[in-house]
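Residue 532 in this note's numbering sits at position 29 of the sequence shown; the count goes up by one each step and never skips.
These are calculated hints, taken from the structure and not from any lab test.
Every residue, glycine too, gets a C-beta built ideally from N, C-alpha and C.
Where hints are given, some of them may not hold.
Okay, derived cross-link-like pairs now, BS3-like style, lysine-lysine, Cα gap no bigger than 25 Å in a straight line [unchecked claim]: (1) 521 to 546; (2) 541 to 521; (3) 557 to 546.
Cβ pair distances, simulated, as ranges [stated by the list, open to error]: (4) 539 to 515: 21 to 27 Å; (5) 540 to 515: 42 to 48 Å; (6) 512 to 538: 30 to 36 Å; (7) 507 to 556: 46 to 52 Å; (8) 555 to 514: 40 to 46 Å; (9) 507 to 548: 23 to 29 Å; (10) 538 to 511: 19 to 25 Å; (11) 559 to 509: 20 to 26 Å.
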Amino acid sequence: MGRVLESIKATHLISHLKSQHLLGARQFSFRRVSSAAKLSLLKSNQWSNTLDQKRPMPVQAI
C-alpha cells in the first residue's frame with residue numbers, strides 16, 4: 504500500500520513541477536526521458552566543442 508501511495512504522490516508532484524515549468528531542461532536525476540547516459544553525452548559534446556574552439560576547459564573529476 505505504501506508503494507502505491509508513494510507512486511501516486513510522485514506522479515502528482517512531477518505533474519505539478521512540469522505544469523509550472525519548475526524543472527530545468529538539464530534536470531537529469533529523476534525524469535523519465537533523461538538519464539546519466541544523456542548527461543554524459545551532453546557533457547562530452549560540450550567538451551568536444553570547447554576543445555575544437557581551442558578555449559580553456561576546466562575539468563573536475565570525482
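Now the hints, each set against the structure:
1. 521 to 546: Holds. Residue 521 to residue 546 sits at ~24 Å (cutoff 25 Å).
2. 541 to 521: Cα-Cα ~19 Å, so holds.
3. 557 to 546: holds, 17 Å
4. 539 to 515: 21 to 27 Å: holds, 25 Å
5. 540 to 515: 42 to 48 Å: violated, 28 Å
6. 512 to 538: 30 to 36 Å: violated, 23 Å
7. 507 to 556: 46 to 52 Å: holds, 51 Å
8. 555 to 514: 40 to 46 Å: Holds, at about 42 Å.
9. 507 to 548: 23 to 29 Å: Violated, at about 40 Å.
10. 538 to 511: 19 to 25 Å: For residue 538 and residue 511 the Cβ distance comes to about 24 Å; the hint holds.
11. 559 to 509: 20 to 26 Å: Distance hint for residue 559, residue 509 is violated at roughly 45 Å.
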